[in-house]
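J.: The listed protein sequences derive, respectively, from chains A and B.
The first sequence begins at 66 in the numbering used here and counts up by one.
The second sequence begins at 26 in the numbering used here and counts up by one.
Since the hints were made in silico from the structure, they are not lab data.
Treat the hints with caution; some may be incorrect.
Stated by the list, open to error - The calculated label-pair distances, taken between Cβ atoms and stated as ranges, are: (1) Asn243/A to Phe36/B: 53 to 61 Å; (2) Ala128/A to Ala328/B: 49 to 57 Å; (3) Gly90/A to Gly229/B: 23 to 31 Å; (4) Ser114/A to Glu85/B: 52 to 60 Å; (5) Glu59/B to Tyr222/A: 29 to 37 Å; (6) Arg340/A to Asp154/B: 27 to 35 Å; (7) Gln108/B to Arg190/A: 42 to 50 Å.
Claimed, not checked - Computed far set for chain A versus chain B, every beta-carbon distance over 12 Å: (8) Leu178; (9) Leu188; (10) Asp257; (11) Gly287; (12) Pro309; (13) Asp368.
Said to hold, decoys possible - Which residues of chain B face chain A? A partial, calculated answer using Cβ under 10 Å: (14) Pro197; (15) Leu247; (16) Ala328.
None of the values given here were measured: they were computed from a predicted structure.
Even glycine gets a Cβ: it sits at the ideal position worked out from N, Cα and C.
The primary structure of each chain is shown beneath.
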Amino acid sequence: MPVTDKRAPGVRISDLSVVYRTGAGELPAVRGVDLELVPGTITGVVGESGSGKSTLALSMLNAVQPPGRIRSGSVDIDGLGDVVTLGGEDLRKTRGRHVGYVFQAAQNSLNPLKTIGKQLLDLGRSHEVDDLPGLVKEARSLLDRMGLDGARVLDSYQHELSGGMRQRVGIMLALVLNAHVVVLDEPTTALDMITQATILRIIREVHEERGLTTLVITHDLGVVAEIADRLAVMYGGRLVEQGPTREVLGAPRHPYTRGLLQAIPRLVGDIDEARALPGRPPTLGTIPPDGCVFRERCDVRMDVCETGEPPVLTIGPRIVACHTAAGEGEQKETVTTGPTRGEEQA
Amino acid sequence: MITGKGITKTFRQRGSMLGAREVPALRGVDFSMEKGGAVSFIGESGCGKTTLGRILAGLESYDSGEIAIDGVPMSSLSHRQRQSHFRRIQLIHQDPYSALNPARTIHQTLDAPLTLRAKQTGRSRSWIDERAEELLGLVGLDPGYVLSRYPHQLSGGMRQRVVIARALTVDPDMLVADEATSMIDVSLRLGILALLKDLRDRLGVSVLFITHDVATARYIGLDGELYVIYRGQVVERGPVETVIADPVHPYTQSLLSAIPVLHGLEVPGAERVTPTEAIDPNRKDTGCLFAPRCPFRTDRCEAETPVLGHDGGTVQEHACFHPRRRSVVATPAVQA
C-alpha cells in the first residue's frame, strides 16, 4: 500500500463551475464540483460522454478552451496555489513542470514529422531546461522502466510505434519534467485488453515509485476499479458520488452508480440481473437547470428531485449527492475534514 | 446455415521500397453457424476477426477455402447469384455516426431499401410505411419520435438501433455486428446487446458478434459459441460459458486475465496469466504462434504446430500442446 509521499502535492478542487457559451446562452458543463486529490493517491473520475469529466480534467491545467470558461471555483495545488488565477507565462510553465497531462488518444497527440527524441528536446527548450542531456537520460530511463527500449524509442517516429508504446511515450512526456501531479484522460481507450492491463500496471507502479498525485479520467468503470484508490462518479456535470473505490463499488449509494454497475457486461453471474439504464445521458443542452440531474433515469425518484438540488452528504468516507440519502449523513457545509483514504484489504 | 472451411487471406502491402510485404490475416479458419445461432469472435486488434467477419458477409475476397450458405458453395455461383445470397447477411459496424447519411431523416433512410424490397416482393406503398414503423418498434424506438429526425438529433444508442432497423429491411438471415457496442455509452450498451438477443429469439436471425470485450459475448445468448482468434488462427473454440469459465489455452487465459477486476465486488482469479509483450511481427512463424509470448511454452511449442481439437478431453476445441485449466476469471466477492 502506498504511503503518503512528501513529494506528492495535494489538490483541492472547490466549487468548480465551467460553462460553455452556446446559442442558448452559457451552459454549465461542470457544476459546483468539490474534489480533493489526497497526496500520493490515484483518484479515478468516471462518467459517460457529456458528463463533463474531460472539462474537469482540463480545468486542472486551467486549459479550458473558448467558448468554454471557468466561471467560478478554484483548483488549489500545494506549492503552486490556485491555477485558475494563473495566466500567461506562469501558467505555461506550470503545465509540464508541475502538472503533467496525458491526453485522450495520446497515441495521436505526437508530431508525425519529428522523432520522439526531437519532440522531447522541444519540450525541454520550451521549459528552459539547461541540462538537455540529463533530460534525455531521464526520458530514456523512464521508457526503460516502462518496459521499452528507451534509446530506440527516442529515435523513432510515432508511426513506428504501436498504440501501447505511444501511450507510454505520452506518460513519459508528462513525467519527464518531474511533475508530481499527473492527469491521465482516457489512458487506455483504443488499446487492446492485454495492452490495457500492462499500461494500468505501469501507471500504478510509476505512480508509487515517483510519489505522484494522479487523476485518471475514464468512461470505463473497470479501469478505475483496477487502479484507483478513490472513485468519483460524474453525471451531467456533477459529482454524484465519491469515496474509496472498494466501498463505492461494493455498496454504491447513488442510484446512478448502482445503475451503472448493473449495466456493465460481466464475465460471471446471472446475465438476467444485468440491465441497461433507461433513457440516455444528458447533453449540455438537456441538463435540467433545477433539481437532480439524474432524476429522468432514476428508479427511486421522489417529488423533491424535480425541484430541489440534491444535498451533498458526507457519510463516513463517502460523499453522496442524492435526496434518498438525506438524513443519513452530514451536510456539506458542516464538513471540515477532507476525504480520507479507505482501508485497503490485501 | 453458413459454413466456412479452411479460409485463408493474406494482405499484401504495396509501396515499400523493399518490395511487397505479406501480412497473413487468416491462416485456415473453419467456421459454422446454425440458423438462429450466435457466434462471437474475440481477439486483439489485427488478429483477423474483422476480416473473417467481412469475408463471411461477402464484403471481402479470400485466397483459399470455401464458404457455403445453406449447403450451396459460393464458389459455384456467378457474381450475381452470390450477391443475392450475401444480401441475407448484413453488417453492422462500430460507428453508427458514420453509418447513417447525416442529410437524410430516419424516414428517408429506411424508405429507400424498403421501396426496393416492396418492388421485389410486389407490395404496395402503404406496406413500406407500415414496415418502417414495425421495424423501428422492433428495435425499441418510438416511430413517432424518430422518423422525422436526422441522425445528429439522436443519441449513439438510438442511432445504432436505426442502423439495425435498416439492416432488417432486407429480412436478413444473419447480422454481423462488428464491435457494435464499443462506441455506445456504457449505460446503454446492454440495451443493444439485449436487442440482438431479442432479434434472435423473435426473428430467428443469427448473430455473428465481433468484439474485443469478452464479457459482452455472453449477452448475445448463452447457447452461443466463442471463437478466440490469435494472429489469424482460432486457438480456442467452444460454448461461450465453457470458454469463459474454463479456458484451457494460455492466450484465452491471458485475455481473460487482462479484464479489470471490480475490486469490492469481485475477487481476482488466483492464477491470472500475464503474457510477455507483443513480439516483432516480422518474425518467422514456426511452431505455435503464441509460443513467443507464452509463459508455459516448451521446446515442442517452438518446433511443432498445434491443431485445433479436443486434445486432453476438453469440452471445447483448442490449439495447445499443454492445455490446462487455470482460474483466471474474477469471482464475485462474498458480500459482508
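J.: Against each hint, give a clear statement of whether it holds in the structure.
T.: Do the hints match the structure? See the list:
The supplied range of 53 to 61 Å is broken by Asn243/A and Phe36/B, whose beta-carbon atoms lie about 44 Å from each other. At roughly 56 Å, the beta carbons of Ala128/A and Ala328/B sit within the given window of 49 to 57 Å. For Gly90/A paired with Gly229/B, a C-beta distance near 51 Å fails the hint of 23 to 31 Å. For Ser114/A and Glu85/B, the hinted distance range of 52 to 60 Å is not satisfied, since their beta carbons lie about 31 Å from each other.
One distance hint, 29 to 37 Å for the beta-carbon pair Glu59/B and Tyr222/A, is violated here, with the actual separation near 48 Å. For the hinted restraint 27 to 35 Å between Arg340/A and Asp154/B, the CB-CB distance of approximately 32 Å keeps it satisfied. At about 60 Å, the CB distance of Gln108/B to Arg190/A disagrees with the hint of 42 to 50 Å. The non-interface label for Leu178/A is consistent with chain B: the shortest C-beta to C-beta separation is roughly 19 Å, beyond 12 Å.
The Cβ of Leu188/A sits about 26 Å from the closest Cβ of chain B, beyond the 12 Å cut-off, so the non-interface label holds. With a cut of 12 Å on Cβ distances, Asp257/A falls inside the contact zone with chain B, its closest approach being about 4 Å. With a closest Cβ-Cβ approach of about 3 Å to chain B, Gly287/A is found to fall inside the 12 Å limit, against its non-interface label. Non-interface status of Pro309/A relative to chain B is broken: a Cβ of that chain comes within 12 Å, the nearest being about 9 Å off.
The claim that Asp368/A lies off the interface holds: its Cβ sits roughly 24 Å from the closest Cβ of chain B, which is beyond the 12 Å cut-off. At its closest, the beta carbon of Pro197/B sits 24 Å from a beta carbon of chain A; the interface hint therefore is violated under the 10 Å criterion. Taking 10 Å as the C-beta cut-off, the interface hint given for Leu247/B holds, the closest approach to chain A being about 7 Å. Given the 10 Å rule on beta carbons, the hint for Ala328/B is violated: about 25 Å separates it from the nearest Cβ of chain A.
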